[in-house]
Amino acid sequence: MAEDQELLPVDPQSGKPIPRTKQPGYYPRYSTLSQKKFWDATTRKLIEERVANIPPIRFFTQAELPLITAVTSRVLPQDDRLAEYRIPIVPWIDHRLFENEIDGYRFEDMPDDREAYRLGLQAIEQTAHAMYAKLFVELEPLDQDAVLKTIHDGEKRAAHEIWSRMSVDRFWHLLVQDCVSAYYSHPWAWDEIGYGGPAYPRAYTRLENGLPEPWEVDEQRYEWQAPASSLSGAYDQQAGATDKPVHGQGGTH
Amino acid sequence: MKEPLFGAFRQARSDVHNLGPLQRIAKGTKQYRDDEEVDYVIVGLGSAGGVLLQRLAKAGFKVVGIEAGPFWDTELDWVSDEKGSHKLYWNDLRITGGTDPLSLGENNSGKGVGGGSVHWAAFAPRFHPSDFRVYTEDGVGADWPISYDELKPYYELLEREIPVAGPAYFPWGDPHGYPYGPHPLGAVGDVLVKGCTKLGIRVCAGGPVAILSGSHGNRPHCIYRGFCIQGCKVGAKASTLITHVPEAIRYGAEVRELSMVSRVSMRNRDRVNGVFYFDREGREHFQKAKAVIVSGYAIETPRLLLNSACPGHEHGLSNGSGTLGRYLMAQAGNVVLGRFADLIRMYKAPPAHALSEEFYETDPRRGFARGFAIQTVAPLPIAFAKQMMAAKGAWGWGMRRVLMDYNHWATLGVLGEILPWEDNRVEIANEKDQFGIPVAKVTFNLHENDKKMIAFGVKKVTEIMRAAGAEEVVQESRYAHLVGACRMGSDPRDSVVDKFGRTHEIANLFVCDGSILPTQGSANPGLTIQALAARTADYLISQGERIFTSDRRDMTTPPIRYSLAVEDSFTKGVPRFV
Chain Z
41 MAEDQELLPV DPQSGKPIPR TKQPGYYPRY STLSQKKFWD ATTRKLIEER VANIPPIRFF
101 TQAELPLITA VTSRVLPQDD RLAEYRIPIV PWIDHRLFEN EIDGYRFEDM PDDREAYRLG
161 LQAIEQTAHA MYAKLFVELE PLDQDAVLKT IHDGEKRAAH EIWSRMSVDR FWHLLVQDCV
221 SAYYSHPWAW DEIGYGGPAY PRAYTRLENG LPEPWEVDEQ RYEWQAPASS LSGAYDQQAG
281 ATDKPVHGQG GTH
Chain Y
253 MKEPLFGAFR QARSDVHNLG PLQRIAKGTK QYRDDEEVDY VIVGLGSAGG VLLQRLAKAG
313 FKVVGIEAGP FWDTELDWVS DEKGSHKLYW NDLRITGGTD PLSLGENNSG KGVGGGSVHW
373 AAFAPRFHPS DFRVYTEDGV GADWPISYDE LKPYYELLER EIPVAGPAYF PWGDPHGYPY
433 GPHPLGAVGD VLVKGCTKLG IRVCAGGPVA ILSGSHGNRP HCIYRGFCIQ GCKVGAKAST
493 LITHVPEAIR YGAEVRELSM VSRVSMRNRD RVNGVFYFDR EGREHFQKAK AVIVSGYAIE
553 TPRLLLNSAC PGHEHGLSNG SGTLGRYLMA QAGNVVLGRF ADLIRMYKAP PAHALSEEFY
613 ETDPRRGFAR GFAIQTVAPL PIAFAKQMMA AKGAWGWGMR RVLMDYNHWA TLGVLGEILP
673 WEDNRVEIAN EKDQFGIPVA KVTFNLHEND KKMIAFGVKK VTEIMRAAGA EEVVQESRYA
733 HLVGACRMGS DPRDSVVDKF GRTHEIANLF VCDGSILPTQ GSANPGLTIQ ALAARTADYL
793 ISQGERIFTS DRRDMTTPPI RYSLAVEDSF TKGVPRFV
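One line per chain: the protein sequences are Z and Y, in this order.
Under the numbering used here, the residues of the first sequence are numbered 41 to 293, in order.
Under the numbering used here, the residues of the second sequence are numbered 253 to 830, in order.
FYI, nobody ran anything at the bench for these hints, they're computed from the structure.
This structure is a prediction, so every number in the text was calculated from the model and none was measured.
Check each hint, because a few of them may be wrong.
The list that follows gives simulated cross-link-like pairs (lysine-lysine, DSSO-like), each with its CA atoms no further than 30 Å apart [stated by the list, open to error]:
id, chain 1, residue 1, chain 2, residue 2
1, Y, Lys644, Z, Lys56
2, Y, Lys404, Y, Lys751
3, Y, Lys282, Y, Lys824
4, Z, Lys196, Y, Lys703
5, Z, Lys85, Y, Lys339
6, Y, Lys335, Z, Lys62
7, Y, Lys644, Z, Lys196
8, Z, Lys77, Y, Lys335
9, Y, Lys824, Y, Lys314
10, Z, Lys196, Z, Lys174
11, Z, Lys189, Y, Lys339
Pairwise CB distance ranges, derived in the manner of DEER restraints [stated by the list, open to error]:
id, chain 1, residue 1, chain 2, residue 2, range
12, Y, Ser467, Z, Leu73, 25 to 33 Å
13, Z, Val91, Y, Ser467, 32 to 40 Å
14, Z, Tyr275, Y, Gln283, 51 to 59 Å
15, Z, Lys189, Y, Gln283, 57 to 65 Å
16, Z, Arg246, Y, Leu510, 35 to 43 Å
17, Z, Lys189, Y, Gly429, 53 to 61 Å
18, Y, Gln283, Z, Leu251, 48 to 56 Å
19, Y, Lys339, Z, Gln45, 40 to 48 Å
20, Z, Leu182, Y, Lys339, 39 to 47 Å
21, Z, Val91, Y, Arg591, 25 to 33 Å
22, Y, Leu510, Z, Leu251, 40 to 48 Å
23, Y, Asn697, Z, Glu263, 18 to 26 Å
24, Z, Arg246, Y, Thr449, 17 to 25 Å
25, Z, Pro254, Y, Thr449, 29 to 37 Å
Here a beta-carbon is modelled for each residue, glycine too, at the ideal position from N, C-alpha and C.
Model the full assembly from the supplied sequences, consistent with the hints where possible.
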């Protein structure tokens, strides 16, 4: 397996890995949770439970669990976080699928979300086998990214039978959306990105010019490069995105 | 500042029903028995249903609103949290397809008392006079069976009732002013104003939004916390849950929550006599009624009328023309995202707070009919991450990096008029929901005019974003709002309801919601839906008992009944126009 150091983001000045930390991002010592007494009681209870009570695994099988864990560790890598400050992803995907919580619709070219995950994991395994003749979990992180990148790019390197029953692009969207929903709903992620979090009944008062509230902190940027053992640091439009736009699925207006 | 002066905020009172922090009503509402014949059953208590419930109750009718979702207690049920607000949306299964499938759920439909008005961003512009005669002016789409002038007094009334904050002078369409003053801008509004001003495009700051800029009776003003589409705990953003339903209950209306109507029942070929519904335990009931109003919005309304097919109405109720379910519309909602060197922090201020309607009307030089509006939007982190997945192909470390820059991004939305097309429609799918009711299948295809409009709109908003100083600009394709599929018209051969919302084929069955809109303009539909509901209510009230006994259609326009507006609409708060 790759050296532990190769998993870490790199300081472009020194070329050295940036040590793991409790809180990556440009807002050091900022803590939304430190403000929880200013939140209304219903919100406070929900967020406290989200941090403290991680749902048990009930949907994924013992055989699937290492694979979905390895996949989500690359789709939303947290190697820069100290182990005890990593945000659970798989338990929330599992919870949603076990409870059959859906977003209110199914695309006609997709199976239901549970079936989509089962098929998608099989397709990832088949792709890993076709490319490297190994199990996905046995691959080096860089090769794991190469497997996932084919799905991001809509390339059907293997699993043609599965992709004939399910849109490869929509499966990728499903997976990424579930990962970001788990990660960016956690207050530690809010601290990382400098998001203010709940503000009722207190209010935000400095609306213009990105000014911080008295309890927020100023940005302190640093430069970093994605780890050498990754392919996800660059931005590539998904294949075909120009002629067949990727449609968003989160509400804005 | 580490501790609130008086300690942490305690749980709100649970012995009352909280509708905002100050407005409290008694728990529970009047209960009609199933076999007790009521005057009106309203199916769905959203933007239209809430207004109808209040008007009809105040006029003295026995009225029950049957709502599939819960009767929210805003203090105990709602949170200042993006993920925790998922329950506000219509999350039951629908099938979506076509060449350009719509994402549904959180993007456009609500569940629970207040419906979509609970999670709208609350932009409340009027439609333009030209919207009512699109076919006459442009040879595309359809004309409305009413003119702007017929709806205008209802726009003015609802702008006072809910009320709307905005500029003293709104220059587009039929120029007018707003009763409450504009909101201060957040940084996204600043971006829109700066970009538009540099390019010489007129722009309107601080509204029009149905969000209080000053306190109004028992509703506090906005605290700029940015959770509008997660449900406004503050009570500053209007929803019929807090504006109209409380008064409906005071006048004796029943709110029957967690009850899913499965079909409208026919007494004979010509008249309905009630609805079948499932209660929260899945038991089926029949509520007897003299007349039924379906207010389930653009997917659930046609679904219900199609599922109510019966001998004499084999293709669904009021579907002799085959129009039911057709001409469904969504607006183009492309989001243009710009990264700025300076901080933005777009989670502050309501997402909706500045707009331009400079490109709303047809301009032949552009090569397509109709146009679009440009509006501020402001995704919270999860929605922003999903947009970056679509707009930049972000994942892995690239996703982590762009989210660390969340506070540097500003977002503007195109809100574009997609025309009504016959092939965009709601049908019944093979799948069934948890009650065994067949679900809706939605088909959506963009047509040539729509594609040209979207390309032009995205290009124009990108120019504005650049002019405001963005270093990087990307875009995400999406849609917003849903209307149509039970359209109103004068000719029963190509419409489902008449200009008062009465179905062409059944004299005591009405539809009143966004589904009756023949075209959609580039304005958010919420205010128009509420104005139409108040107008339909005035019609029903002026017709009185005749609705229940006669098949004759009186097409006389009723007088507007200001006395039925929500109590003290004209006296509470400090509106600047009297």
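Hints, one by one, checked against the model:
1. For the suggested pair Lys644 (chain Y) and Lys56 (chain Z), the alpha carbons sit about 28 Å apart, so the restraint of at most 30 Å is met.
2. For a cut-off of 30 Å, the pair hint linking Lys404 (chain Y) to Lys751 (chain Y) stands: about 15 Å separates their Cα positions.
3. For the suggested pair Lys282 (chain Y) and Lys824 (chain Y), the alpha carbons sit about 28 Å apart, so the restraint of at most 30 Å is met.
4. This hinted pair checks out: Lys196 (chain Z) and Lys703 (chain Y) have alpha carbons roughly 29 Å apart, not beyond 30 Å.
5. Between Lys85 (chain Z) and Lys339 (chain Y), the direct Cα distance comes to roughly 17 Å. Compliance with the 30 Å bound is thereby established for this hinted pair.
6. Under the criterion of a C-alpha separation no larger than 30 Å, the hint pairing Lys335 (chain Y) with Lys62 (chain Z) is consistent with the structure, at around 23 Å.
7. For the hint pairing Lys644 (chain Y) with Lys196 (chain Z), the CA-to-CA distance comes to about 21 Å; that is within 30 Å, so the pair holds.
8. At roughly 20 Å between alpha-carbon atoms, Lys77 (chain Z) and Lys335 (chain Y) fall within 30 Å of each other, so this suggested pair holds.
9. Annotation: proposed proximity of Lys824 (chain Y) to Lys314 (chain Y) holds, straight-line Cα distance about 28 Å (limit 30 Å).
10. Between Lys196 (chain Z) and Lys174 (chain Z) the alpha-carbon distance is near 18 Å, which keeps this suggested pair within the 30 Å criterion.
11. Note on Lys189 (chain Z) and Lys339 (chain Y): the hinted pairing is violated, with a Cα-Cα distance of about 33 Å set against a maximum of 30 Å.
12. For the pair Ser467 (chain Y) and Leu73 (chain Z), the supplied restraint of 25 to 33 Å holds, since their beta-carbon distance comes to about 31 Å.
13. Range check, Val91 (chain Z) to Ser467 (chain Y): Cβ separation about 35 Å, and the 32 to 40 Å hint holds.
14. Checking the proposed 51 to 59 Å range against Tyr275 (chain Z) and Gln283 (chain Y) shows it holds: the Cβ atoms sit about 58 Å from each other.
15. A hinted range of 57 to 65 Å holds for the C-beta pair Lys189 (chain Z) and Gln283 (chain Y), which are about 59 Å apart.
16. One distance hint, 35 to 43 Å for the beta-carbon pair Arg246 (chain Z) and Leu510 (chain Y), holds here, with the actual separation near 41 Å.
17. Between Lys189 (chain Z) and Gly429 (chain Y) the C-beta distance comes to about 55 Å, which sits within the given range of 53 to 61 Å.
18. A hinted range of 48 to 56 Å holds for the C-beta pair Gln283 (chain Y) and Leu251 (chain Z), which are about 52 Å apart.
19. Restraint check, Lys339 (chain Y) to Gln45 (chain Z): a C-beta distance of roughly 44 Å satisfies the suggested window 40 to 48 Å.
20. With their beta carbons about 41 Å apart, Leu182 (chain Z) and Lys339 (chain Y) fall inside the hinted range of 39 to 47 Å.
21. Here the CB-CB span from Val91 (chain Z) to Arg591 (chain Y) is close to 30 Å, well matched to the stated 25 to 33 Å.
22. The hinted range of 40 to 48 Å is satisfied by Leu510 (chain Y) and Leu251 (chain Z), whose Cβ atoms lie roughly 44 Å apart.
23. A beta carbon spacing of about 46 Å between Asn697 (chain Y) and Glu263 (chain Z) contradicts the range 18 to 26 Å that was offered as a hint.
24. Under the hint 17 to 25 Å, the C-beta atoms of Arg246 (chain Z) and Thr449 (chain Y), about 23 Å apart, fit the expected range.
25. A beta carbon spacing of about 31 Å between Pro254 (chain Z) and Thr449 (chain Y) agrees with the range 29 to 37 Å that was offered as a hint.
When the structure is compared with the earlier hints, violations turn up for hints 11, 23 and for no others.
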